[in-house]
Amino acid sequence: MKTENQKAWFFVLPVLALVAFNALIPMMTVVNYSVQETFGDNVFFWQGLDWFQQILRSDRFHAALGRQFLFTFLILIIEVPLGIAIALSMPRKGFWVPVCLVLMALPMLIPWNVVGAMWNIFTLPDIGLLGYFLNHVLGINYDMTQDPVAAWVTIVTMDVWHWTSLVVLLSYAGLVSIPDAYYQAAKIDGASNWAVFRFIQLPKMKTVLTIAILLRFMDSFNIYTEPFVLTGGGPGNSTTLLSIDLVKIALGQFDLGPAAAMSLIYFAITLLVSWLFYTLMTKDDLN
Amino acid sequence: MQKRSIVPIVYILFLMLPIYWLVAMSFKTTNEILSGFSLFPQTFTLDNYATIFTDPSWYWGYINSIAYVSINTVISIAVALPAAYAFSRYRFLGDKQLFFWLLTNRMAPAAVFALPFFQLYSAVELFDTHLAVALAHCLFNIPLAVWILEGFMGGIPKELDETAFVDGYSFPRFFATIFIPSIKAGVGVAAFFCFMFSWVELLLAKTLTAVAAKPIAATMTKTASSAGYELGLLAAAGTLTIIPGAIVIWFVRNYIAKGFAMGRV
Numbered sequence: 000m001k002t003e004n005q006k007a008w009f010f011v012l013p014v015l016a017l018v019a020f021n022a023l024i025p026m027m028t029v030v031n032y033s034v035q036e037t038f039g040d041n042v043f044f045w046q047g048l049d050w051f052q053q054i055l056r057s058d059r060f061h062a063a064l065g066r067q068f069l070f071t072f073l074i075l076i077i078e079v080p081l082g083i084a085i086a087l088s089m090p091r092k093g094f095w096v097p098v099c100l101v102l103m104a105l106p107m108l109i110p111w112n113v114v115g116a117m118w119n120i121f122t123l124p125d126i127g128l129l130g131y132f133l134n135h136v137l138g139i140n141y142d143m144t145q146d147p148v149a150a151w152v153t154i155v156t157m158d159v160w161h162w163t164s165l166v167v168l169l170s171y172a173g174l175v176s177i178p179d180a181y182y183q184a185a186k187i188d189g190a191s192n193w194a195v196f197r198f199i200q201l202p203k204m205k206t207v208l209t210i211a212i213l214l215r216f217m218d219s220f221n222i223y224t225e226p227f228v229l230t231g232g233g234p235g236n237s238t239t240l241l242s243i244d245l246v247k248i249a250l251g252q253f254d255l256g257p258a259a260a261m262s263l264i265y266f267a268i269t270l271l272v273s274w275l276f277y278t279l280m281t282k283d284d285l286n
Numbered sequence: 000m001q002k003r004s005i006v007p008i009v010y011i012l013f014l015m016l017p018i019y020w021l022v023a024m025s026f027k028t029t030n031e032i033l034s035g036f037s038l039f040p041q042t043f044t045l046d047n048y049a050t051i052f053t054d055p056s057w058y059w060g061y062i063n064s065i066a067y068v069s070i071n072t073v074i075s076i077a078v079a080l081p082a083a084y085a086f087s088r089y090r091f092l093g094d095k096q097l098f099f100w101l102l103t104n105r106m107a108p109a110a111v112f113a114l115p116f117f118q119l120y121s122a123v124e125l126f127d128t129h130l131a132v133a134l135a136h137c138l139f140n141i142p143l144a145v146w147i148l149e150g151f152m153g154g155i156p157k158e159l160d161e162t163a164f165v166d167g168y169s170f171p172r173f174f175a176t177i178f179i180p181s182i183k184a185g186v187g188v189a190a191f192f193c194f195m196f197s198w199v200e201l202l203l204a205k206t207l208t209a210v211a212a213k214p215i216a217a218t219m220t221k222t223a224s225s226a227g228y229e230l231g232l233l234a235a236a237g238t239l240t241i242i243p244g245a246i247v248i249w250f251v252r253n254y255i256a257k258g259f260a261m262g263r264v
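Residue numbers (numbering that gives the first Met the number 0), protein chains in the order written: chain A, 0 to 286; chain B, 0 to 264.
Keep in mind that the hints were calculated from the coordinates and are not lab data.
Just so you know, these numbers come straight off a predicted model, no measurement behind them.
Be careful, since some hints might not be right.
What the hints assert, rightly or not - Residues on chain A that point at chain B, a partial pick, calculated with CB under 8 angstroms:
hint, residue
1, Thr2
2, Val11
3, Trp45
4, Leu48
5, Pro97
6, Ser191
7, Val195
8, Leu208
Said to hold, decoys possible - Chain B stretches covered by chain A per the calculated footprint, using a threshold of three residues with CB under 8 angstroms from any CB of chain A:
hint, stretch
9, 31-39
10, 44-56
11, 107-121
12, 140-148
13, 163-176
We put the CB at the ideal spot given by N, CA and C, even for glycine.
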């Protein structure tokens with residue numbers, strides 16, 4: 000049992016100070032912008048909640064939000080089952096385990112804009128490996144700078160390439176923590192592979208899967224650099240996800256008020272959905 | 000057993016293909032790249048790498064990136080260790096709320112913070128320094144480090160602390176000589192994740208630097224647009240950014256899977 004000790008606050012103080020400095024001050028700046036209008040020269044006018052109403056009613060925001068949810072939904076339904084399947088088929092011990100883990104983790108350690116640039120080089124229609132293969136060997140007309148569907152397939156494939164390993168590593172960590180005795184007991188009972196998965200492996204992976212799904216949700220919902228470098232949000236606006244749209248408004252058009260209001264709405268949605276995910280996935284533990 | 004191993008092999012091949020292509024491109028001349036498709040470099044060249052290692056605006060990018068990533072990792076772990084200890088051993092007023100608030104910072108889109116961060120770090124006159132980027136990355140790395148370390152510390156029985164205090168250890172001496180060594184796998188995993196997320200992040204790093212502390216990844220985007228189509232050079236720079244990550248992960252390879260398992264399962 001933990002003992003009650005208010006002095007523990009002193010241990011947390013440095014963390015609190017550093018994170019508060021980085022989180023609260025910028026957040027207050029954003030809140031400040033979101034309720035004011037400026038014509039430059041640091042002259043501000045009180046604007047109330049107008050920006051929030053404007054953003055919430057704008058078709059542009061709805062479209063970007065829709066694309067964002069579609070993207071996050073697609074990568075989650077691909078990466079989570081795929082990651083589990085790969086983790087299940089990995090060897091449990093031996094020489095190949097660390098080799099597999101290192102190779103699988105490699106994409107996660109590449110700077111995000113390099114990931115974008117790498118996939119750009121990889122998919123160039125005439126000189127990229129994938130682009131050349133699709134266009135000249137399979138004869139599929141593939142050019143993601145022209146075709147929105149090709150652009151979507153490419154950013155989703157890129158994210159699967161980039162992040163499935165996170166699900167694999169976490170699921171694998173859950174799997175190796177299952178004692179051998181569980182499997183022997185299942186064997187004696189004559190349990191099928193499916194039964195072993197459903198009643199032994201899946202429950203043991205539940206905590207790590209919650210972490211994996213939450214991390215994948217948050218990070219894919221906030222994704223900016225990789226699709227920005229790869230497609231620039233195009234062709235047209237077809238791959239302009241929320242962050243890309245936000246940066247366009249804030250730094251491209253320098254509309255600070257609407258951008259700040261959009262930031263707060265964006266953050267609120269991320270928090271709300273993460274909280275929903277978390278409550279749903281841990282509900283059984285509480286009962 | 001043999002049939003099953005097809006799945007990880009195919010998956011790893013899929014992961015390696017774009018990386019292979021990047022590395023192959025880095026050994027080609029610009030002429031060869033633009034003149035058509037070739038699976039292997041026909042005229043093998045090291046010119047792209049030579050350019051990077053002789054031009055200060057390129058290699059300083061690497062030094063800058065490694066500098067702020069290292070500072071960030073040290074700061075994050077140093078402040079996260081006592082905090083994680085407090086969370087794992089004591090109850091105190093507002094502890095659960097504080098823990099959740101820390102985690103919410105992991106959810107804030109970096110794009111939201113870009114402009115206010117620029118203003119904040121300009122105001123405290125840290126703009127374009129390594130420290131600015133290192134401190135800014137603390138926003139998402141400290142919560143993560145506290146979370147991972149707290150999980151590891153939860154696995155250490157409380158009797159260890161009590162026995163040490165009975166034996167007359169002072170708290171700092173116990174913490175440094177007994178407690179930290181017993182969770183060194185956790186420190187390794189936490190440091191790995193701090194390194195990783197600071198190394199791969201670009202949006203904030205780019206916003207907070209201009210010349211003196213500019214990260215390598217930002218140098219790349221600039222060269223890509225200003226020098227036109229120097230794909231070979233871009234590929235060589237990209238290849239070099241993979242190496243530090245690969246080295247770090249090789250060191251913690253045995254802790255990665257075990258680390259998670261000990262921590263939170």
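Could you tell me which of the hints above the structure violates, numbers in ascending order?
-> 3, 4, 6, 7, 8, 10, 13
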